[in-house]
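**Student:** Each chain, letter by letter, is given below.
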Amino acid sequence: MTELTLSRAETKSVASSIAEMRRFEILKALAIFALVAALPIIVHDVYLQNVLILTLMFAALSQSWNILGGYCGQISLGNALYFGIGAYVTSMLFVGFSITPWLGLGLGGVLAAVLAVVLGYPCFRLKGHYFSIATIVIAEIGLLLVHNWDYAGAALGIQWPVGQDGWTTLQFARNKIPYFYLALGLFVVTWFVTFFIEGSRWGYWWRAVRDNPEAARSLGVEVFRSKIAAAAVSAFFTAVGGGFYAAFVGYIDPDSVMSFRFSLLFALPAVLGGIGTLWGPAVGAAVLIPLTEILRSYAGGSGNGLDLIIYGGLVMLVALAKPDGLLSLFQLMGRGRST
Amino acid sequence: MRVIDRREVFLSAAALSLIGARAFAQSGAEVPVGVIYPLSGANAQIGVDARHALETAADIVNKSFDLDLPTAKNAGLAGLGGAKIKLIFADHQGDPQKGRAEAERLITQDKVVAIVGAFHSSVSATASVTCERYGIPYVTADSSSPSLHKRGLKFFFRTTAHDEMFSIAMFEFLDAQRKAGRKIDTLGLFFEDTIFGTDSSNVQRKLAAERGYKVVVDIKYKSNSPSLTAEVQQIKTANPDVLLPSSYTTDAILLMKTMDELGYKPKNIVAQAAGFSDKAFFDAVGDKAVGLISRASFSLDMAQKRPSILKVNEMFKARAGRDLNDNTSRQLMAVLVLADAIDRARSTDGEKIRDALATTEIPGNRTIMPWKRVKFGADGQNVDADPVLIQYVGGQFVTVYPAAVAVAEPLWPMNT
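Note that the protein sequences, when read in sequence, are chains A and B. Throughout, this note's numbering is defined as the position within the first sequence, counted from one, plus 1. Throughout, this note's numbering is defined as the position within the second sequence, counted from one, plus 74.
Any given hint might turn out to be false.
[What the hints assert, rightly or not] Straight-line Cα separation of at most 25 Å, PhoX-like style, residue types lysine-lysine; simulated pairs:
id : chain 1 : residue 1 : chain 2 : residue 2
1  : A       : Lys177    : B       : Lys331
2  : B       : Lys228    : A       : Lys177
3  : B       : Lys296    : B       : Lys331
Don't read these hints as lab results, they were simulated from the structure.
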């Protein structure tokens, strides 16, 4: 009897300490977001602002990938399909029908989520590598279709009109700051979505599905529906990111938004930073994106490929030395301090 | 700890290369000109070749040469007190987003007065908009998508022909042959299924209808096809007066081989460059292609009519180890056209250089190209950038059209 009450008290204290940790996590996140939001005060160079925007955008997109790939364990290498849908829906509505990109972002997201559910039905019957291969193939089919779709500009792509600047058109001439806050906003939203999922029943289910689907099912977890839900959330935010990218660049063609390269670029920051963690994608993107951009710009003009050698070398280094991702480095240091 | 050390080593390496690039860009009081090409990735070779061509052009501007080309005679730009142009290269990897970011970096950090690029039409699409926003001229040497000059941009200029102009030149050649009393009634279209072949055939189909030619066979085939036997059978049955193929190298070789195997000798072939003007094509099936005519942007034998070509080609060859071709000749000429405008503008102000470009008038014989002249329309397109038609005879290409640069009469028909 006493044992039972003790364990109840223990459970209670564990639960309250988890809640406390999560409150602390939110405070930490808000502090980090505030610091990042203040960056434009010191960064005036438009090129560096551009690097910051791309970093935040890929952090958000990788966080979206992480929801399905990291938390639910379904490694998708076809998220470029959803990215492309977002970019194309936003561009076609704006260029063809003068519909504000804001609506395009939402519609593209919904369309991508619906498609993810439809595609999920056949694909989630596949396990592990077979699922990953299926996602690659489906994304390639999407790329081919858009390549041959004359109404969407086929291989010629879609050019956004020049000169209609403002918040309704998401075009800002030389000003990069609005894009910076849009990208930051997208990342903050994906972070909070991930955070709330992590603490919800769905979050526990998804992680159970990742760790052992058979055991999860035997405990009453809805494995199939978990995968479908994770895929839909992931696709939605990936497409919103695609719409943002189209507005940011002002021109899209099939290869510049739907090539396999993008699918890898969504997965890589999460893998590098720490897969299935809250901050992994952001840490990965913060290392990876400035590195590739700055190396290409300042070492790539020679045409000797030095930038790519350094880049490839670094990725190999992380894979060998820290296969859990860069985030495990911090956790190790934190643990060292506390003991 | 070990990891941190490696990281530090890497970071200092990155910082060093960064410092190197900055010092390079800021030495001397030169006129900085931005250049964006794919220097890594799938099309890196294009960028490497372009670099040789553009540096040759910068040499022509900056040193004194006895060449009848814009800004060649005196060292540097006379209009700016002999100032030299300095090319600053950036790598766009064929990605429109990177092209845009690099253009922005060149303008804001390196203070370039103009940008030349970019091979990929998609990159020219974004980089030119960035230039427009900063009031800096963008000169494309080789992006040929017809949509580029139709966007109402004020700072966009294209020295080369766009894709529609290429097909028009081919039909003007056919019209000329007709006028000379040769029988051309029927045409055959044969094209691969990617953007290149599809676009090419669309324009050709339209032109054929407008100019009264009957398309008797119209074949779209899967590019890199393992067999073209069925397609060649169709062509053989229809036996058009002129076959107009649009194919890349491997398909072009297979087409000629299959025709030979099936004992079909086409009356005439007028090809849309690409595979049919590739050296690999003639190494493989040159004996079967005698009399084949291809569209091209450049041909070395024009040197008989444009004497500067030989000397410029020698200079280029010393750097690149190969002759000028369609791409490198156009890239080289674009820098000379831009330098001529900066020279006349007597200023490094973007708006003034733009105005000077808009009033450019360089006669064809002061270029290394087959063009009538360089003169931009209000949309920035050089309307007189005529391509040439070259014919494969005696183991080499001979320019046969247009008359201004032709060195021989075409062999017609190809096979009797």
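**Student:** The structure should be examined with respect to each hint, and the outcome stated for every one.
**Tutor:** Hints versus structure:
At roughly 55 Å between alpha-carbon atoms, lysine 177 of chain A and lysine 331 of chain B are farther apart than 25 Å, so this suggested pair is violated. Taking the CA atoms of lysine 228 of chain B and lysine 177 of chain A, the gap is about 22 Å. The hint holds against a cut of 25 Å. In summary, the hint linking lysine 296 of chain B to lysine 331 of chain B is supported, as the alpha carbons are separated by about 17 Å, within the 25 Å threshold.
In summary, the one numbered hint that this structure violates is 1.
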